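Participant: Just so you know, the sequence shown maps onto residues -19 to 153 in our numbering.
It should be emphasised that the hints constitute simulated quantities derived from the structure, not laboratory data.
Note that the structure is predicted; figures quoted are calculated from it, not measured.
A hint or two may mislead.
Stated by the list, open to error - Cut-off 30 Å, straight-line C-alpha distance, at most; resulting in silico cross-link-like pairs (DSSO-like, lysine-lysine):
#, residue 1, residue 2
1, Lys61, Lys127
2, Lys127, Lys1
3, Lys128, Lys1
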Amino acid sequence: MSITNSSKDFRALFSLDPEVKTQALLMFVYNFVLLNTLYLLKPVRDSLFLEEVGAYNLPFVFIFTAIAVIPISIGYSRISKRHSVGWLVSAVTLFLAANLFVIWIFIDIDHDFLYYGFYVWVSIYSVLITSQFWLFANTIFNSVQAKKIFGFLSLGAILGGVTGGEFTAILVN
């Protein structure tokens, strides 16, 4: 994409209704926060697992992740048929936040099961938050608005990933 196209896309944001601009800004912040947390969690997950369980167990955690995705996908699909996208996004986000709080409470317990569970949880978290965000964005914005907004929303993800990674580096040092 050229600089001219990028600036044209950015100017397209200003031609939107105020309500849509507000929604776009909120979704930008939401995407930023989601990816920021993801890029804080991934290095923690990887370092804890490698330090406490060892690299030789990575194939097992990959298999466990693949197995865990099956019932989660089935459950998510069933719940999504009974509830609106807005309800689903809110409920799953709150559920994931509660999970993170529980993990934080129990992280000091030195047991391999916890490290396997945390690894699998972060892997599933990354897929859920990303797919949910775009599902939600597709329900909020029509196709004309999406053409003007989705690049901006993607910028939120990029900046969230960069700042999450940088924040992790600062915390480690």
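Participant: With reference to the structure, classify each hint as holding or not holding.
Facilitator: Consistency of the hints with the structure:
no., hint, result
1, Lys61 with Lys127, "27 Å, holds"
2, Lys127 with Lys1, "13 Å, holds"
3, Lys128 with Lys1, "11 Å, holds"
Violated hints are absent here; each numbered hint is respected by the structure.
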